[in-house]
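There are 2 protein chains.
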Amino acid sequence: MKFKINRQILLANLSKVSKAVNNKTPFLALTGILFNLTSEYLELIGSDNDLCIRCIINKEVNGDQVIEIEEVGSTVINEKIICEIVRKVESDMIEIDVMDNLAKIRSDKSIFSVNTIPAIDYPSIDFSLIGDSFSIDALELKNVFDQTLFASSDKEARPILTGLNVKCANNTLEFVATDTYRLSKKIIELSTSNEFNVTIPKSSLDELNKIIELGTMVQVYITEKKVIFDLEDCVVISRLISGTYPDTSRLIPNAFDQTLTLSTKDLLGAVDRASILLTERNNVVKLNMKDDEVFVSAKSMEVGYVVEKLNDYYYEGNPLMISFSARFLVEAVRALNSEEITLHFTGDMKPIILKSKTNPNLIELILPVRTYN
Amino acid sequence: MKFKINRQILLANLSKVSKAVNNKTPFLALTGILFNLTSEYLELIGSDNDLCIRCIINKEVNGDQVIEIEEVGSTVINEKIICEIVRKVESDMIEIDVMDNLAKIRSDKSIFSVNTIPAIDYPSIDFSLIGDSFSIDALELKNVFDQTLFASSDKEARPILTGLNVKCANNTLEFVATDTYRLSKKIIELSTSNEFNVTIPKSSLDELNKIIELGTMVQVYITEKKVIFDLEDCVVISRLISGTYPDTSRLIPNAFDQTLTLSTKDLLGAVDRASILLTERNNVVKLNMKDDEVFVSAKSMEVGYVVEKLNDYYYEGNPLMISFSARFLVEAVRALNSEEITLHFTGDMKPIILKSKTNPNLIELILPVRTYN
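Taken in sequence, the protein lines are chains A and B.
Residue numbers for the first sequence follow the working numbering, so the first one is 180 and each next one is one higher.
Residue numbers for the second sequence follow the working numbering, so the first one is 180 and each next one is one higher.
This is chain A alone, in the form it adopts within the complex (with noise of 0.2 Å):
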């Protein structure tokens, strides 16, 4: 294998595959790179078994030549060693030239010779487009993802739990994340008439929200084992977390005793203060709200305690007290990202409903906490 490529270039399709690598995995060629080069493209693939993501590099981009291709070829080089290499030489332009198992990579300045890992030793991974699809605008798409994947999981003990369940029935897709103290669910409208129900991993859809490019369309494959994202520009596939996402629809009340409207600023102002006493462990602020005050209260026995007056709100409902984490309100209440908000209860044991009218299609849910005295 050897060829000439624009650095610039590489360096962006780089970056975007070695989101998928993880450099602990005991499997050599999966902390590497795979290179395959063909007489008209480079071909680039990371993974780390779960997530696989590929980019391809055509010879020309808008009529102009990226790549000189001398020889084709494939090799797997660690991932860490090129992505550094190519971000910090200074050439506009990058020489390869792989020979028994020696990367030699030339720039102006600079000759590294870097052991690589034959390419017979990648898993061979099946990128073909199959399965139910449909397409959402990469915007709507960053959206679910930046507004429910913090409510998933982080504790391995029940796997479900730390995906993103994907339902689609009746022209709907719906997306719901929760770790059972909290729970996010989003719901868009799509004009297909798909049914599925999977769960994908929400690591692999962090590392796919970093590279989703806004202004484009994703097309989304669902089969039983796995979901391919479409980038136009790359492809992702995740493989599915196996078993039944907990049915949460009953969760969520349509009724309700109370609601608090508010600005956002007020409030996560008033919890950022109480929180000030408070510590990881006990992350405990209290709600205290009649008609004619609010009150946002916490305490710690070692440091002290504060009181915080909200000045301007809307409330509705007899009086209400009620104890949540103040972590989880305040994620809850920046995933709404409206500069209003509205709370809804239906008692101090109840579900706390977080809603915004910027953003009708999104539920934001917190369990309250026993209220201490």
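Among the clues, some could well be false.
Note: identical chains are not told apart, hence a pair may lie in one copy or across any two.
[To be verified] In silico DMTMM-like links for lysine to aspartate or glutamate, alpha-carbon gap of 25 Å or less:
| # | residue 1 | residue 2 |
| --- | --- | --- |
| 1 | K478 | E374 |
| 2 | K283 | E247 |
| 3 | K321 | D243 |
| 4 | K346 | D491 |
| 5 | K283 | E411 |
| 6 | K288 | E495 |
| 7 | K465 | E269 |
| 8 | K288 | E481 |
| 9 | K181 | D358 |
| 10 | K534 | E250 |
| 11 | K444 | D271 |
| 12 | K288 | D451 |
No wet-lab data here; the hints were simulated from the structure.
None of these values were measured; they are calculated from a predicted model.
Using the hints, position chain B against chain A.
For chain B alone, coordinates are given in the frame of chain A:
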């Protein structure tokens, strides 16, 4: 104790004294900041026993009243808590009211009730300005710290090397830091004729460096046990490290067999790229110098090797190959902070001396390591 105070002024001064506070100390009073309110000013003190910082906020600043004093008194409030509160509340003024070991801290929207520590539990610290004294421009002192402190040792095995040695004789101040593998030495002319030889903990000077304000003069006082920095708006006291600092005067040769002069940017770029293949443990790069070519190279058994060609340089002397720690070179070169740099050599196992024309009073030294083949 009861008073109102301008929030921004309190915050600025709390930030300074908090630099001396170590939250992990088992001595409860030292996790806090001492507030001492007289009828004329508020005194704030923070300390970790090795380093003590005192700031005075006068009742009036430039004719404006910044403190409204209702009742004088003293207390100690947890450093982290009081700094967070003063940073995060939104009022212009804050009221602090201490009774029965409980401080009520009021702003427009919040009331914090924070447990305090009796002022009597705080150690008594002598802030009187005594000892051999000299004055130095704040910028010059900051430069000394930035250019020398990194070379002092992190290892507690030889405590004296964890400090900056300051020697004064014959109207000259000499600052030396070394960890035995490298050395930084800065010389400053003085108009006063003091004689002392003391070693100040690097940790103290790192904190002092953060609060020195440019455009001022710093008055330094040296006694047998401590050094006092009078920064106009606050006083910083550090203990000294006891013991005799090693005599480093003969380490730096005066005559050299080889010199290499080149652009700092080129040298840092070449060493940075050569370091791509290295690890933190094997951090060795090699300089290979002849009249007509200069190379930087590095080798890792597992990964491969790299050769970097330098293009613009001036080399004088017989050919030389010398190996050294990439990190030590980079830190020394950065400390010289000059566009062009000169490296002086006297053999492949003798110290490398780095100098620049723009910083003639600064010498950086690094020891080579045995060359691999």
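For each hint, the structure was consulted:
In this assembly of identical chains, the alpha carbons of K478 and E374 never lie at most 25 Å apart, being 49 Å within a copy and 56 Å across copies at closest. In the homo-oligomer, the alpha carbons of K283 and E247 lie at most 25 Å apart inside one protomer (16 Å), although the nearest pairing across protomers, at 73 Å, exceeds that limit. Proximity of K321 to D243 under the C-alpha cut-off of 25 Å is found in neither arrangement, the shortest distances being 31 Å within a copy and 52 Å between copies. Taking the shortest alpha-carbon separations for K346 and D491, neither the intra-copy value of 39 Å nor the inter-copy value of 63 Å comes in at or below 25 Å.
Taking CA atoms no more than 25 Å apart as the test, K283 paired with E411 passes in neither setting, with 31 Å inside one copy and 60 Å between copies. Proximity of K288 and E495 under a CA criterion of 25 Å is satisfied inter-copy only: 22 Å between copies versus 71 Å inside one chain copy. Within a single copy, K465 and E269 get their C-alpha atoms only as close as 56 Å, which misses the 25 Å cut-off; across copies the closest is 21 Å, which meets it. Taking the closest pair of Cα atoms, K288 and E481 come within 25 Å of each other only across two copies (23 Å); inside a single copy the shortest separation is 61 Å, beyond that limit.
For the homomeric pair K181 and D358, neither the shortest alpha-carbon distance inside one copy (50 Å) nor that between copies (47 Å) is at most 25 Å. In this assembly of identical chains, K534 and E250 lie within 25 Å of each other by CA distance neither inside one copy nor across copies; the values are 58 Å within and 48 Å between. With identical chains, the CA atoms of K444 and D271 are at most 25 Å apart between copies only, with a shortest distance of 18 Å across copies and 47 Å within one. When the C-alpha separation of K288 and D451 is checked against a cutoff of 25 Å, the pair qualifies only between copies, where the shortest distance is 13 Å, while the shortest distance within a copy is 52 Å.
The structure fails to meet hints 1, 3, 4, 5, 9 and 10 from the earlier list, while all remaining hints are met.
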